[in-house]
Every structure is written in structure tokens, then in C-alpha cells.
Amino acid sequence: MIQIKNLHKSYKMGSSSLHVLKGINFNIEEGELVAIMGSSGSGKSTLLNILGMLDVADKGDYILDNVPIKDLNETKAAKYRNKFLGFVFQSFNLINYKTALENVSLPLYYQGVARKERQELALDYLERVGLKEWSTHLPSELSGGQKQRVAIARAMASKPKVLLADEPTGALDSKTSYEVMDLIQKINEEGKTILVVTHEKDIAQMCKRIVKLKDGVIIEDNKIKQILASSYV
Amino acid sequence: MFSRDRWKEIFDTISKNKLRTFLSGFTVALGIFIFIILFGLGNGLKNTFQEFFLDDASNAIFLYPGKTSKPYKGFKAKRRIEFKNDDLLDIKENFPLFIEHLTPRITRSALTSYKNESNSYSTRAVAPGHQFVEKTILMKGRYINQLDIKEKKKSAVIGRLVAKDLFKGEEAVGKYINVGSTAFKVIGVFQDDGGDNEERNIYIPYTTRQLIEKSNDKVDQIVLTYKKELGHAGALALEKSLKKFLKDKKAIAPDDPNGIYFRNLTDDLKQTQQFAVVLQLIVSIVGLGTLIAGIIGISNIMVFVVKERTKELGIRKALGATPSSVIQMILQESIFITTISGYLGLFLGIIVLENIGLNLEEYFIKNPFIDSGTAITATIVLIIFGGIAGYVPAKRASSIKPIVALRDE
Chain Z
1 MIQIKNLHKS
11 YKMGSSSLHV
21 LKGINFNIEE
31 GELVAIMGSS
41 GSGKSTLLNI
51 LGMLDVADKG
61 DYILDNVPIK
71 DLNETKAAKY
81 RNKFLGFVFQ
91 SFNLINYKTA
101 LENVSLPLYY
111 QGVARKERQE
121 LALDYLERVG
131 LKEWSTHLPS
141 ELSGGQKQRV
151 AIARAMASKP
161 KVLLADEPTG
171 ALDSKTSYEV
181 MDLIQKINEE
191 GKTILVVTHE
201 KDIAQMCKRI
211 VKLKDGVIIE
221 DNKIKQILAS
231 SYV
Chain F
234 MFSRDRWKEI
244 FDTISKNKLR
254 TFLSGFTVAL
264 GIFIFIILFG
274 LGNGLKNTFQ
284 EFFLDDASNA
294 IFLYPGKTSK
304 PYKGFKAKRR
314 IEFKNDDLLD
324 IKENFPLFIE
334 HLTPRITRSA
344 LTSYKNESNS
354 YSTRAVAPGH
364 QFVEKTILMK
374 GRYINQLDIK
384 EKKKSAVIGR
394 LVAKDLFKGE
404 EAVGKYINVG
414 STAFKVIGVF
424 QDDGGDNEER
434 NIYIPYTTRQ
444 LIEKSNDKVD
454 QIVLTYKKEL
464 GHAGALALEK
474 SLKKFLKDKK
484 AIAPDDPNGI
494 YFRNLTDDLK
504 QTQQFAVVLQ
514 LIVSIVGLGT
524 LIAGIIGISN
534 IMVFVVKERT
544 KELGIRKALG
554 ATPSSVIQMI
564 LQESIFITTI
574 SGYLGLFLGI
584 IVLENIGLNL
594 EEYFIKNPFI
604 DSGTAITATI
614 VLIIFGGIAG
624 YVPAKRASSI
634 KPIVALRDE
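Same order as they appear, the protein sequences are chains Z and F. Following my numbering, the numbering of the first sequence begins with 1 at its first residue and continues without gaps. Following my numbering, the numbering of the second sequence begins with 234 at its first residue and continues without gaps.
Just so you know, not all the hints are guaranteed correct.
Stated by the list, open to error - What the simulated footprint calls covered on chain Z by chain F, stretch by stretch (three residues with Cβ under 8 Å from a Cβ of chain F suffice, anywhere in the stretch; the number is not a length):
#1 17 to 29
#2 44 to 55
#3 101 to 109
#4 193 to 200
What the hints assert, rightly or not - Here are the simulated SDA-like pairs of lysine to any residue, each with C-alpha atoms no more than 20 Å apart in a straight line:
#5 F:Lys325 / F:Asp453
#6 F:Lys628 / Z:Leu72
#7 F:Lys401 / F:Glu431
#8 F:Lys544 / Z:Val113
#9 F:Lys251 / Z:Leu138
#10 F:Lys634 / Z:Asp71
#11 Z:Lys214 / Z:Val20
#12 Z:Lys116 / F:Phe244
#13 F:Lys544 / Z:Tyr97
#14 F:Lys451 / F:Tyr494
#15 F:Lys241 / Z:Leu121
#16 F:Lys241 / Z:Arg115
#17 F:Lys540 / Z:Tyr97
#18 F:Lys300 / F:Asn318
#19 Z:Lys161 / Z:Asn66
#20 F:Lys279 / F:Phe602
#21 F:Lys634 / Z:Ser91
#22 Z:Lys214 / Z:His8
#23 Z:Lys116 / F:Trp240
#24 Z:Lys79 / F:Lys628
#25 Z:Lys79 / F:Ile560
#26 Z:Lys83 / F:Tyr494
#27 F:Lys241 / Z:Glu117
#28 Z:Lys12 / F:Thr572
#29 F:Lys628 / Z:Glu74
#30 F:Lys544 / Z:Thr75
#31 F:Lys401 / F:Ile382
#32 F:Lys241 / Z:Lys83
#33 F:Lys368 / F:Met562
#34 Z:Lys116 / F:Thr246
#35 F:Lys368 / F:Leu498
#36 Z:Lys79 / F:Ile636
#37 F:Lys249 / Z:Thr136
#38 Z:Lys98 / F:Met562
#39 F:Lys634 / Z:Asp124
#40 Z:Lys76 / F:Ser558
Since the hints were made in silico from the structure, they are not lab data. Every value quoted in this text rests on a predicted model; they were computed, and no experiment measured them. For every residue, glycine included, the Cβ atom is placed at its ideal position computed from N, Cα and C.
Please take these sequences and the hints and turn them into a complete structure.
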């Protein structure tokens, strides 16, 4: 599903430049649930941003679902993002003046789905994350875990090939974290490819594969035996 | 632009961000409102000014006979000059290309009465052309005509206030009034922008006046209007040659300053026009200044609005919004708000202007107004600049990488 070859990225910091990614190589198959781990500064967020087309690599190849991702302008990147990717952020990033339902249907709006269909689909996804009866509530009326579940529903609504989660449990307590991870595992079980960036070991253990980054290179890449989050709940 | 879905999205955003919508709408409405009020008041000031200075026809020349101060051609000094009917004819015959209207004016004061009401009014014995010289506006009936002059009819055109005083609301035209000891038939009622005193005059045919005064042919004063095409220089030249012609005819020394007096309004007119231009300039500057202030106001609001929405725009972009759809959304939203509130300000301004208009005459502001062309142009200018002001930050926001916009503060 994802092929990455010799990926480099550096940031200009005044006169010097900071080499963040120093040649990353890895492949992700369809249906995998991968944790990307590393301390802060290891380059894990940069990698995720490049995978999410929110940032551009300096060098290297990135192939997503057999489509080479290169020479992106903003418009093209926006279209690819909309078509291929779903995002889950640490700080949820819901639009605060829109209800849960409207937030979930927003990516469908940008896909050009008709209004009625959009609402039906969005409600369907809200139901899947267990928030159907909260559909008319604003984000400010939801708890952190609920917000993240709305965000996951929103990420799923556009039927992406890959779900990218950047510290999805970073702002949640452990009980809520496990609930969210449970949801992520269930979505993965349905066949969705998911990448989770995290620095929490117990969260990483709930994935099927752990990729460890240090100083811009991969130091470990192991398939592990997944711990089911539902066993904690 | 016309997709129903996008409009729905915009209405949604507008209605859920009431403070923001109110702020930007209020700025535009206020800008237009103040523009219309100030511009209207400026126009009111101009109206007052014009009424003060442009009462009589501005292209008039007044001729008064005087006393000579120098002996000439065998005549002694201190000889009294008099105008006669043939002077009128001579002027008419010799200057046909330059003169528009020509009229004598013989002013007398007389006790005038109708039934039990009486009062003293001045009567002006004139020719039909006087109507244009004095800019008399007829309310009812007609003015003095050539037939009145020829047959020396006892016809009178009375001022609005004369009619009010004597007739107390009764129909005046067709009734007879006594002017001095002579009965005149009222043929018309007039009004005059020159003020109340002008409306206390009575106009009668000059030939009738001469008939009453023992059939003489004396004329107190001659008033004429020259053709406007002559301009300032032409008017001065006409005055000069008229002076020469009349002095020649009346045997007055060419260098005698006292035989005939001229009052030429062309200098006044020139000054008045210059002053009017300055006034117009001031009104325009005030209007332009207000408009610029409004544009700056809406620009500030738009920058603020886009800044506030940076994160939201980042989210939208992460979810697949293209840069152009972001720009379009912001523009469409801002133009929609500015258009609605712009026209709101426009109508409010016009309504207020019309209602305060009547109460400001004592402050030298008369009938303030704004022509719809200026008002609508100003509104459109503000909308366009509101759009531009929204476009610049929107363009910048749309090119910010979503990752930057989404970074936690």
C-alpha cells in the first residue's frame, strides 16, 4: 500500500540546516496497523507529515496505492489527501462551530457528495463510533474521547486508503486512550491500513508492527503480537 | 459560485459566527452610512449657498440713471439723467445678439387693499422679460404678457405672501385689488426663492404705471440679461459697449463716472462659481475620506477574520479543500456580508438624511440629499475593496501548509 525509498528531509534553520530524515526505507502492506515510535526530534512527525502530503520530502520516492506522489502542488495534494488519506490528530482539530455530524460530513462535502447522501453517510459513521445520539452536539459539548471518536469518524467518512493518526491518544487519559485504540483496532480488523505515531509503549503494543525511529533513521522494524485494547476496557 | 451546497455552507458559517458576521457587516454598514450622511449634509450646505447667492439670474446687468458730474457738449454738470422707453428700444435694436431679456423696472410703494384687508406693498412695473431676470416662479395664473403692455391693462401679478395677507386663503386670481387708487385685476400669484421680501412684491405692466403717472415715458431702471454663452469676459465687454452707447446717447462725458450706474453680476457670478467649486471640493474630500476610512475598517476586519480562521482553514485543507475553494469560500462569504450590510447602511443613511433634512435649515443646511448614483457607486466601491481586502489574506491563508495551520498554539 505504501512504499518509501530513501526518503530525506531537512529543514533550514537560519544558516544551518537540520537533517531530520536521513534515508527512510519501508513498505506497508494493505491492512497493516503500524506504530511509528521515537522520542521527540526523532523525525516521526515529519515522516507522518510527508506520508500525509502535508509536507514534501527533499529526496526519495513515495508511492501510495501504486500512485507515485511527487511534484505536488497544493491543489493536487488537497485532492490526493481527500481521496487517499484520513487524518486523526492529537488535538482532534474539529471545527468548533460545526456539530459532530457536520464535522464528519465535511470531507464528503469536499468530495462533492450530495447533501442528503452526505448526512446519511456521516450519521452512519457516527453510529459506528458509537456517537449517533451526539450527532447534533458541538465539539465543546463532547468529552475528549468523544471528540477523538468524532475525528476518527470524520477521517473514515471519506473512505481513505490509509488512516494516519498523529498521537491520537496524546491528549486522553489511559482509559479513554484504550477505548480509542479499541476503535482503531476494530477499524483495522475491517481491513483498513492504519499508521499510528505514538511515543507511548502500551499504545504501540496494540498495533501489529512497530517501527522505531531515532535521529532520522529506522533502528527497529518488528512485527509484534498485538495486544487487544478491549482486554483493558 | 452558484452551487446551492456552497451557499448552504456559507450561510451555515455566517449564522454560526454571529459576532464575526456582525463585526464585518457593521463596519461596512457604518462606513456607507456615515458617507451618505456627510455627503448629504455637504450637499445641503451647497444648496443653502446657492440659494443665498443665486437668487436673481446670475447673468443680469442692472442700469441706473444718475447725475452727471462733468459738463459735456454744452450741458452743465449735475444734470439728472433719465431713462425713457426709447432707450429700451435702442438697446434692443443695437445689441440683439447679446441680450436675452430686457425689461424696465419702475418701483413704487402703495397701499394695497382687498375687501377689508390692506397693507403697503411695493409694486414693480415691468415688462414680460422681468420674469426671467428675477427668476420668478408662477404658482397660479400667468405673468404679464405683451398684450398687457400694449393695451396698458390693469393687470397685477402678486407675490405668495401678498395673496396670503390679503386673500386669507381665498382664490386670488381673477379678483380685483386696489393699488393706490387704481383697481387691478389679479392675473397670477408667484413665489420667489429670494426670500419673503421678494414675495411681498406686486408686478404690473410698466406701460400701465406710466399711464397712471400722467402718461409719461420715464423708466427708473433697466435690467437685462445677456446670453450665457458670452461668459465672464463677454459680459464685461457688453457692459463696456453698453456704457459707451448710452453715454453717447445721453451726452455724458465718456470719463464721467456718475451719469449712469451699472451693476453687473458677472463678477459676483464668477466668485460665486469659484466658491461653489471649493465647496464641492470640500464635500468630495469629506466623502472620499469617509470612504477610505470605511475601506481601511473593512480591510482590518477581513485580516482579523482570516487570521482567526487560520486553523479552521488548515483543517479544511487537511480534509481535502483545495486552495482555490478556500479562497472562494472566504471571498463569497465576505462579499455576501458586505453587499447585504452595505445596502442596509445605504438605505439607513438615506432614510436618516431624509428625516433630519427639514430640521437643519437654521444651521445653513437645506434639503440635504445624495444622488443614487453616488450612493450606489460608493457602496459598490466598498464591496469591491472589501473583496480585495478579503482576498489578500485569504490567498495567504490558502497557501499556508495545513501542517503549519494545525500546529498547536
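Outcome of the hint check:
1. 17 to 29: violated (count 0)
2. 44 to 55: Contact hint for the region 44 to 55 of chain Z vs chain F: holds, 4 residues under 8 Å.
3. 101 to 109: holds (count 4)
4. 193 to 200: Check failed, 0 qualifying residues.
5. F:Lys325 / F:Asp453: holds, 17 Å
6. F:Lys628 / Z:Leu72: With Cα atoms ~18 Å apart, F:Lys628 and Z:Leu72 stay inside 20 Å; holds.
7. F:Lys401 / F:Glu431: holds, 19 Å
8. F:Lys544 / Z:Val113: violated, 24 Å
9. F:Lys251 / Z:Leu138: Given that 20 Å is the threshold and the Cα spacing comes to 16 Å, the pair holds.
10. F:Lys634 / Z:Asp71: Holds. F:Lys634 to Z:Asp71 sits at ~15 Å (cutoff 20 Å).
11. Z:Lys214 / Z:Val20: holds, 10 Å
12. Z:Lys116 / F:Phe244: holds, 17 Å
13. F:Lys544 / Z:Tyr97: Holds - the C-alpha atoms of Z:Tyr97 and F:Lys544 are around 13 Å apart, at most 20 Å.
14. F:Lys451 / F:Tyr494: Status holds; Cα separation ~17 Å.
15. F:Lys241 / Z:Leu121: holds, 18 Å
16. F:Lys241 / Z:Arg115: holds, 10 Å
17. F:Lys540 / Z:Tyr97: Satisfied, since the Cα-Cα distance of roughly 16 Å is no more than 20 Å.
18. F:Lys300 / F:Asn318: Status holds; Cα separation ~19 Å.
19. Z:Lys161 / Z:Asn66: holds, 11 Å
20. F:Lys279 / F:Phe602: holds, 11 Å
21. F:Lys634 / Z:Ser91: Holds, because 17 Å separates the two Cα atoms, which is no more than 20 Å.
22. Z:Lys214 / Z:His8: holds, 14 Å
23. Z:Lys116 / F:Trp240: holds, 15 Å
24. Z:Lys79 / F:Lys628: holds, 18 Å
25. Z:Lys79 / F:Ile560: Status holds; Cα separation ~16 Å.
26. Z:Lys83 / F:Tyr494: violated, 95 Å
27. F:Lys241 / Z:Glu117: It holds: about 15 Å lies between the C-alpha atoms, which stays within 20 Å.
28. Z:Lys12 / F:Thr572: violated, 44 Å
29. F:Lys628 / Z:Glu74: holds, 12 Å
30. F:Lys544 / Z:Thr75: holds, 18 Å
31. F:Lys401 / F:Ile382: violated, 29 Å
32. F:Lys241 / Z:Lys83: Violated, because 23 Å separates the two Cα atoms, which is more than 20 Å.
33. F:Lys368 / F:Met562: Violated, at about 59 Å.
34. Z:Lys116 / F:Thr246: holds, 19 Å
35. F:Lys368 / F:Leu498: holds, 14 Å
36. Z:Lys79 / F:Ile636: holds, 16 Å
37. F:Lys249 / Z:Thr136: holds, 14 Å
38. Z:Lys98 / F:Met562: holds, 16 Å
39. F:Lys634 / Z:Asp124: violated, 31 Å
40. Z:Lys76 / F:Ser558: holds, 13 Å
The structure fails hints 1, 4, 8, 26, 28, 31, 32, 33 and 39 (numbered hints given earlier, in ascending order).
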